[in-house]
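**Student:** Here's the letter readout for the chains.
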Amino acid sequence: MPLIRIDAIEGRTKEEVKTLLDAAHRAVLSALAVPQRDRYQVYHEHPEGHLIVEDTGLGIQRTKKVLVITVTSMPRSQELKLRLYSELCRELKTSSGIEASDIMVSIMTNSAPDWSFGNGEAHFVTGKL
Amino acid sequence: MPLIRIDAIEGRTKEEVKTLLDAAHRAVLSALAVPQRDRYQVYHEHPEGHLIVEDTGLGIQRTKKVLVITVTSMPRSQELKLRLYSELCRELKTSSGIEASDIMVSIMTNSAPDWSFGNGEAHFVTGKL
Amino acid sequence: MPLIRIDAIEGRTKEEVKTLLDAAHRAVLSALAVPQRDRYQVYHEHPEGHLIVEDTGLGIQRTKKVLVITVTSMPRSQELKLRLYSELCRELKTSSGIEASDIMVSIMTNSAPDWSFGNGEAHFVTGKL
Chain A
1 MPLIRIDAIE
11 GRTKEEVKTL
21 LDAAHRAVLS
31 ALAVPQRDRY
41 QVYHEHPEGH
51 LIVEDTGLGI
61 QRTKKVLVIT
71 VTSMPRSQEL
81 KLRLYSELCR
91 ELKTSSGIEA
101 SDIMVSIMTN
111 SAPDWSFGNG
121 EAHFVTGKL
Chain B
1 MPLIRIDAIE
11 GRTKEEVKTL
21 LDAAHRAVLS
31 ALAVPQRDRY
41 QVYHEHPEGH
51 LIVEDTGLGI
61 QRTKKVLVIT
71 VTSMPRSQEL
81 KLRLYSELCR
91 ELKTSSGIEA
101 SDIMVSIMTN
111 SAPDWSFGNG
121 EAHFVTGKL
Chain C
1 MPLIRIDAIE
11 GRTKEEVKTL
21 LDAAHRAVLS
31 ALAVPQRDRY
41 QVYHEHPEGH
51 LIVEDTGLGI
61 QRTKKVLVIT
71 VTSMPRSQEL
81 KLRLYSELCR
91 ELKTSSGIEA
101 SDIMVSIMTN
111 SAPDWSFGNG
121 EAHFVTGKL
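Residue numbers (the working numbering), protein chains in the order written: chain A, 1 to 129; chain B, 1 to 129; chain C, 1 to 129.
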């Protein structure tokens, strides 16, 4: 159920985007232990200059590979969130050569009736999920 | 006040997008009983492969017409949320031939001071709304 | 830490977008008193017709310069939110000639463990922020 929105600077090939999204999904699977097909991803490309990611003075260097990953999910423990950050960095580095310093994540939480995966049904309410 | 963000695969004509957005707005009007001009919509087009919508194992078939609809709103009852899912499916099928199986919705909730509709004013705080 | 997403109709030059984003950041700095480099911005361009901003009957006139600004932040007081609306209008008018009537804002709130600014670290949890 997490919905993953990834904002990036344009320039990746179609195949590179596929590799990146596959990696992000593996991170979700291993960190949150959701079902294999619990995959909902949107990849937004932007011209350089339309995506600005600084560092709040933390001294983190960004490159053109930088990603802003926003996650919408039902409530997750702090432990699972930390694991997700860690798994995203690991998978995206291995698969796509994206450094952990180029990965920013922000999570938003909603509740069971807030999801319909299709057919007009609220699957967490009807008990199908 | 709901803000409706719709992510879709590119390919619809300008007129088809208008028809789709008009239909989504009719669904909001009838499900949530908001004023006629309470319409705030963003339509994002993506190349195929940049929008991935699977099914958490529910057995829902997706096509290239698939939509991810994210709604930001003040608190709504579960009943109204279910009605919104149902109305979105009905209106989008009738107007645009989009099957209910191609419609995913996720809702996020915020509060009165979180909205300014213009002029730097928080209209739910000042009492104008 | 606020993450600022700005949806706009296409047509601004690269330089105009830079001016606009710089102005939005000055508004965040002065309204919320965050560090200088606490800057995370995404600018989305859309064809006309893909961004629809009406007025809930408030009688607010929109032009092609209209902006939908969505802000994700840790909790902020109502006072700070109102100040942010006001500062956004002031800075965007001065820098970019965008009228206050063309500026809609919606804020979403999350919590400390929901942010990783890089390196897989949750900076509000580890105490670095």
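Keep in mind that the hints were calculated from the coordinates and are not lab data. Remember, predicted model here, so these are calculated numbers, not experimental data. Be aware that one or more of the hints could be misleading.
When chains are identical, the list treats them as one kind, so a pair holds in a single copy or across two.
Here are the computed lysine to aspartate or glutamate pairs in the EDC-like style, where the Cα-Cα straight-line distance is at most 20 Å [claimed, not checked]:
#1 K18 x E79
#2 K18 x E45
#3 K14 x E79
#4 K128 x E48
#5 K65 x E54
#6 K18 x E54
#7 K14 x E54
#8 K64 x E79
#9 K128 x E10
#10 K14 x E87
#11 K65 x E79
#12 K18 x E121
#13 K64 x D38
#14 K128 x E15
#15 K14 x E121
#16 K128 x E45
#17 K18 x D55
#18 K128 x E54
#19 K128 x D22
**Student:** A separate judgement is required for each hint: does it hold in the structure or not?
**Tutor:** We went through each hint and held it up to the structure:
no.	hint	in the structure
1	K18 x E79	neither (28 Å within a copy, 38 Å between copies)
2	K18 x E45	both (13 Å within a copy, 17 Å between copies)
3	K14 x E79	neither (33 Å within a copy, 41 Å between copies)
4	K128 x E48	neither (43 Å within a copy, 29 Å between copies)
5	K65 x E54	within (13 Å within a copy, 26 Å between copies)
6	K18 x E54	between (26 Å within a copy, 14 Å between copies)
7	K14 x E54	between (27 Å within a copy, 19 Å between copies)
8	K64 x E79	neither (30 Å within a copy, 36 Å between copies)
9	K128 x E10	neither (38 Å within a copy, 31 Å between copies)
10	K14 x E87	neither (23 Å within a copy, 35 Å between copies)
11	K65 x E79	neither (27 Å within a copy, 37 Å between copies)
12	K18 x E121	neither (29 Å within a copy, 25 Å between copies)
13	K64 x D38	between (29 Å within a copy, 18 Å between copies)
14	K128 x E15	neither (34 Å within a copy, 37 Å between copies)
15	K14 x E121	neither (33 Å within a copy, 29 Å between copies)
16	K128 x E45	neither (34 Å within a copy, 30 Å between copies)
17	K18 x D55	between (27 Å within a copy, 18 Å between copies)
18	K128 x E54	between (42 Å within a copy, 16 Å between copies)
19	K128 x D22	neither (26 Å within a copy, 31 Å between copies)
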